[in-house]
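Each chain, written out:
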Amino acid sequence: MTQFVAFVKKEFRHIVRDRWTMLILLALPVIMLLLFGYAITTEVRNTKVAIYDPSDDVMTRNIVERLSASEYFEVDRLLASPDEAEAAFKGGEVGLVVLFPDRFAEKYARGGEAQVLLEADGSDPNTATTLVSYAKGVIAAYQGELARSAGPAAARARLIDTQVRLLYNPELKGAYNFVPGVMGMVLMLICAMMTSVSIAREKEKGTMEVLLVSPLKPFLIIVAKAVPYFALSILNLATILVFSVFVLGVPVEGSLFGLVLVSFVFIFLSLSVGLLISSMVSSQAAALLISGMALMLPVLLISGMMFPIENMPFFLRALSAALPARWYIAAVKKLMIKGLGPYSVARELAILSAMTIAILAASLRQFRVRLE
Amino acid sequence: MVVARELRRRYGETDALRGIGFEVGRGELFGIIGPDGAGKTTLFRVLATLLLADSGSATIDGLDVARDYAALRRRLGYMPGRFSLYQDLTVEENLEFFATVFGATIEANYALVADIYRQLEPFKKRRAGALSGGMKQKLALCCALIHKPELLLLDEPTTGVDPVSRKEFWDMLGRLNGQGITILVSTPYMDEAGLCDRIALMQGGSFLDVDRPAGIVAKYPHALWAVRASRMSGLLGDLRDKAGVLSCFAFGDSHHVATDGSLGPAELERYLASRGHESIEIGRIEPGIEDCFMDLAGAGEGR
Chain A
1 MTQFVAFVKK EFRHIVRDRW TMLILLALPV IMLLLFGYAI TTEVRNTKVA IYDPSDDVMT
61 RNIVERLSAS EYFEVDRLLA SPDEAEAAFK GGEVGLVVLF PDRFAEKYAR GGEAQVLLEA
121 DGSDPNTATT LVSYAKGVIA AYQGELARSA GPAAARARLI DTQVRLLYNP ELKGAYNFVP
181 GVMGMVLMLI CAMMTSVSIA REKEKGTMEV LLVSPLKPFL IIVAKAVPYF ALSILNLATI
241 LVFSVFVLGV PVEGSLFGLV LVSFVFIFLS LSVGLLISSM VSSQAAALLI SGMALMLPVL
301 LISGMMFPIE NMPFFLRALS AALPARWYIA AVKKLMIKGL GPYSVARELA ILSAMTIAIL
361 AASLRQFRVR LE
Chain B
1001 MVVARELRRR YGETDALRGI GFEVGRGELF GIIGPDGAGK TTLFRVLATL LLADSGSATI
1061 DGLDVARDYA ALRRRLGYMP GRFSLYQDLT VEENLEFFAT VFGATIEANY ALVADIYRQL
1121 EPFKKRRAGA LSGGMKQKLA LCCALIHKPE LLLLDEPTTG VDPVSRKEFW DMLGRLNGQG
1181 ITILVSTPYM DEAGLCDRIA LMQGGSFLDV DRPAGIVAKY PHALWAVRAS RMSGLLGDLR
1241 DKAGVLSCFA FGDSHHVATD GSLGPAELER YLASRGHESI EIGRIEPGIE DCFMDLAGAG
1301 EGR
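Protein sequence lines, in the order shown, are assigned to chains A and B.
For what it's worth, the numbering used here labels the leading residue of the first sequence as 1, then goes sequentially.
For what it's worth, the numbering used here labels the leading residue of the second sequence as 1001, then goes sequentially.
No lab work stands behind these hints: they were computed from the structure.
A couple of the hints might just be wrong.
[Stated by the list, open to error] Simulated restraints on C-beta separations:
1. A/322 / B/1209: 36 to 42 Å
2. B/1066 / A/350: 39 to 45 Å
3. B/1265 / A/368: 55 to 61 Å
4. A/231 / B/1070: 25 to 31 Å
5. A/364 / B/1082: 50 to 56 Å
Virtual Cβ for every residue (Gly too), placed ideally from N, Cα, C.
Use the sequences and the hints to build the structure in full.
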């Protein structure tokens, strides 16, 4: 045990004394988050709204009034026809267009077709989602009021159906989608790359020979190598979560427990991947190359972080299913953004656990008690 | 202490070990002398349980290097050739780490390394990467010694070290050996051979000879001459052309010429003069280990 502790202490010294390692470990997650998320977040206060309201009845007027009363919106103009919406966007001043049908209140009272269409400029996805969700909130609050005054039975039959149309970027990629991606990438990178490089360094410098000759069990060497990175990954996880909640405003909507659980499994998995890589290569450059190219690129491109998996051809979809990060990112999206409970990610958790066991088994089988 | 039989090991196309067999007695200082690529490092790795031989066997203290590797690893002190310590750890941290990992403490075995460590102590807060080559090797030796091994395997500990430090290092080996530790050491420097109890001359994966240094020198079969002239270039070629000259190698400021019985110094001088050489000096010399090595290696190639 003292041997193990001494080894872990030594590993921490390596990390702390190398300025670049420290920089990568501590600054990389923050920089990535800022790059992907913060750079496209904008202030949404007093956004100009254009209204198309052929009904002009008590309900639509109420909704418009409430919108303009909120701190986020300012009713800028009334449109004469729906076709003017695009021109309003192109002018660059209007951020949101609210389109009502004719005879809105009548349709609502009959139940069914009381539809509001919200149009937003999707080329700035983060702003667009924010605006749309604020507007939806206002309408939902109004509907709640109506329901209370009309009684629950009547309200159930009557719904304001809020439709959203995002112009220019219907897929809506933004900070919300990037946070889970960055989490997946950072954890994979730190665990897999740093562990594999640090083991490869021992091989390259010849210290591995001495360690192997020592009475220290080879398995303990590996575990001791992984401990500091495990600790740092948890630190990174905390940093990312704090940053995304307080700086980027991406909340943890669902189960924090579930999020931490699935992250721990993913960290274990990434560490095993690092061990597997290090057992296959003997130089730092090779370890870096493999973990960089073989892990980073697929995570960026086909894990669902940047491009939706559903739109990929079959071959890429199959490839993506083999990526641990893909399942992790999917689970984080569910837990953070969709606001689901821990049971919702049972499938992802099961897949990640199975992958961990398989990779750990493979890397232990690969690990040699001799030089080759 | 060490018994090796018919060790063979291939690396792809090259035979790194071609049937090595030797024995090292308890308390011996045994040197393996040979140039780069002779197979010394492979042999050390096999003995250090780090590499499996393709065939043959080796035991240390009765323990098989392949089968009983776990038990053996507790008893060995191994210093690999390109041994680098952790450059980013201080002298003290390095020693402490290796002591702990080998299940020992600096205090318990301080007496063993005291001699060497005293020289390092002024720098104990310095990072190992900032030490000179000689100091690094001394620290590495300390680290290999700190768990009081019964057998020390030192693979080229003096390569790349300045002559003064090399001398000091060998003095230390002598003292450690005096305390009863068996030492197996390899070196490409022939002049270090004389400091060992017994040596093996190694070339191309085989041992050319195993004996005491004096024994090896005594077996040298030819007459040996040191030849010098004003124009050293050309001299080597001319000497090699002469009948009766068995071999001729450049040795620092003179050429060492081995002859068979038929060729005397007077005739050699006449021959060189006829080739236009001036200020010719020819002197009979006693062969060194290097001369023996060259002779054995040359014979090995001819065979």
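Pairwise beta carbon distance, residue 364 of chain A to residue 1082 of chain B, judged against the given window 50 to 56 Å: violated (28 Å)
Cβ separation of residue 322 of chain A and residue 1209 of chain B, checked against the hinted range 36 to 42 Å: violated (59 Å)
55 to 61 Å as the expected CB spacing between residue 368 of chain A and residue 1265 of chain B, which holds or is violated: Given range 55 to 61 Å: holds, Cβ gap about 59 Å.
C-beta pair residue 1066 of chain B, residue 350 of chain A: status relative to the range 39 to 45 Å that was hinted: This hint holds: roughly 42 Å between Cβ atoms.
Residue 231 of chain A versus residue 1070 of chain B beta-carbon gap, inside 25 to 31 Å or not: For residue 1070 of chain B against residue 231 of chain A, whose Cβ atoms are near 30 Å apart, the range 25 to 31 Å holds.
Hint compliance for this structure: hints 1, 5 are not met, and every other hint is.
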